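Residues per chain are reported as follows:
Protein chains: 2
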Amino acid sequence: MKELTPPVRLLMGPGPSNVSYRVLRAMSTPIIGHLDPEFIRIMDDVCQMLRDTFLTKNLLTFPVSGTGSAGLEAAMVNLLEPGDKAVICVHGVFGQRLTEVARRYGAQVINVEATWGQPIDINQLIDTLKANPDAKLCAIVHAETSTGVRQPLEELGAYLRDKSTLFVVDAVTSLGGIPVKVDEWGIDCCYSGTQKCLSVPPGLSPITFSDKAMAVIAARKTKVQNWYLDVTLLQKYWGNSERVYHHTAPITMIFGIYEGLRIIAQEGLENRWARHQRVSDILCQGLTELGFTFFAQEGYRLPELIAVFPPVADQVEPLRKRLLNEYNIEVGAGLGPVAGKIWRIGLMGETCEPRSVSRLLDALRRLL
Amino acid sequence: MKELTPPVRLLMGPGPSNVSYRVLRAMSTPIIGHLDPEFIRIMDDVCQMLRDTFLTKNLLTFPVSGTGSAGLEAAMVNLLEPGDKAVICVHGVFGQRLTEVARRYGAQVINVEATWGQPIDINQLIDTLKANPDAKLCAIVHAETSTGVRQPLEELGAYLRDKSTLFVVDAVTSLGGIPVKVDEWGIDCCYSGTQKCLSVPPGLSPITFSDKAMAVIAARKTKVQNWYLDVTLLQKYWGNSERVYHHTAPITMIFGIYEGLRIIAQEGLENRWARHQRVSDILCQGLTELGFTFFAQEGYRLPELIAVFPPVADQVEPLRKRLLNEYNIEVGAGLGPVAGKIWRIGLMGETCEPRSVSRLLDALRRLL
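Just so you know, the protein sequences line up as chains P and C, in that order.
Sequential numbering from 1 applies to the first sequence in my numbering.
Sequential numbering from 1001 applies to the second sequence in my numbering.
Only chain P is shown next, with the shape it has when bound in the complex (with noise of 0.2 Å):
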């Protein structure tokens, strides 16, 4: 089998985003044992950094030892028991997951729905919330990555912060690249992945579980119907007390996550947010000057995901095949209902930096 050397390429698509050079060399450290003295206080250290960056003081806080989807269905089977109700929002491709993911485990659904491209109405969500008082959790997706939605989410948490719902939050493509707030806001469970704004490789989902969460858990009537996922197990592991032996945790992941945590410290989370927007703006109005249109409601648009419609309708597939095989950029294709009809473009993390915005302009300048 040949030697290993993929292209070099400029990650503008949905994730993953590209890497910085620290988190690459972090992630070459030859590895130590998982129940090592010293591999505890770097998972220490990945804790107390992921509460920093969810703005929380919740004391589960960690890394699932899985891609973002494997923290969605984490959130959904250690809140979830067959038969409780939940109100999970679709507005695009996650909503529906969740909901998928949620009757798998036996839940009883209710679904509400925003058409693709737009927030889900805050109002209509909650007379759904106060018709189903005994839901037992309210999920939604805060950075919808299949439509570049970016949905508003503090009215929603002061209704149920006295309310017995807990609250589930889709931050997948938010952290680290716009505000999540998880104890301001009332947050019960929130998960994230590590390949978009963060800026780590795909393989690790970070996830928080407030107290009250954690109390719904522990009054469960039956087993967590998913072991590797199961908190009440993998809390011995990463909790601050017991370190018992719950699977092998991907050492490698936790060396990138180290690194890249600290490379969103060292920047500060305000100043990463700010330069999310200050460079969406820059590509946001390139690509209107070069005739591309928004797909997401305005108003409700990610910086780190920008939904477009590009100028010639015809062309949408070759011109995005193009950008990767003549350029070496990757951009997304769309999804469900506008697959073939909008490009989803990435200015995440390490890959959010003007010279991006340069190079994508100026391959599109060329091409078009």
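Just so you know, these hints were derived from the structure itself, not from any lab.
Keep in mind that a hint or two might mislead.
What the hints assert, rightly or not - Distance ranges between label pairs, derived from CB positions:
#  : chain 1 : residue 1 : chain 2 : residue 2 : range
1  : C       : G1299     : P       : I40       : 33 to 39 Å
2  : P       : A339      : C       : T1222     : 25 to 31 Å
3  : P       : P37       : C       : T1288     : 26 to 32 Å
4  : C       : A1215     : P       : T288      : 51 to 57 Å
5  : C       : T1128     : P       : I40       : 38 to 44 Å
6  : P       : T222      : C       : A1215     : 29 to 35 Å
7  : C       : P1337     : P       : A131      : 50 to 56 Å
8  : C       : Y1021     : P       : D134      : 55 to 61 Å
9  : C       : N1325     : P       : G340      : 55 to 61 Å
10 : C       : Y1021     : P       : M1        : 15 to 21 Å
11 : P       : K221      : C       : K1163     : 36 to 42 Å
12 : C       : G1083     : P       : K212      : 31 to 37 Å
Since we're looking at a predicted model, the values are computed, not measured.
We treat Cβ as the ideally placed atom computed from N, Cα and C, and that holds for glycine.
Put chain C on the given structure of chain P with help from the hints.
Showing chain C alone in chain P's frame:
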């Protein structure tokens, strides 16, 4: 947060093992997208090299995006439906784990047990299978990481070959260290982990399903209860045709296993098995000379994981800690009934070289 500077350890525990600089270098390669045509090619090469390592022609052979325990769970959740009968052998921690996972998914488990340190009695097992011809599967651990026992599989495979009961093998600690002959032995589902004899960091679980197993999965009456590990979805991404997005593959880990499997192909499986036996024989002789005695029954000892009673019964754990702290050598502690009584010494993959043996024996001579 301070710079990441873990100590450099000789990893002679039950895994992870040391990782070749070649694998670490591959893992520091800038990443590409998980749907990039160049990445698809790398995935195909990884699947083919895994088939060569499992000695199988099974089409669905790929690395699960989680550690070995995720592979174990993938085997159980895809093959079992609620109410199904499963014969599961228990002669250590990992047979217990198989039982626990199968029960969580609603299976009716019949255990066949052996005392820790001994293999499963094949006659007793076959009697149990004869009494339960309707068992959906029979699962057994090939290399029990908790005891150092090698479980012979040929006779069991021959018995099950023309039965409807599927033959499931946990090869987490055997693949790449001792012969694992999936097709020749008639194994229907076999899973492993990267961090043992493959000498790749933890984070992936290679798995393979026979056509017979896939037919059973295709005939399921219920959806697989675990979305992340559902092979009816995963085969559309890893299989040879559609390449439908399921979850973002852990790119860097895939780069790592690519290089790790390439190293194995270059060494040759037979040479690799012979190396494990040869180096292990040298270590075992040295340990015997120092007064160590063996936990696993003679004739059933794994070369790559040697469970021993140290000659100082009251210093088992303190001595292990001194090895780590004073000599940077990790050996594993005992689990369950032999916690605090044995060490588990790993000689896996990259670690399995005479230089490791020399270093360990010299340290032990000084400490004892």
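Q | In rising order, the numbers of the hints this structure does not comply with | A | none
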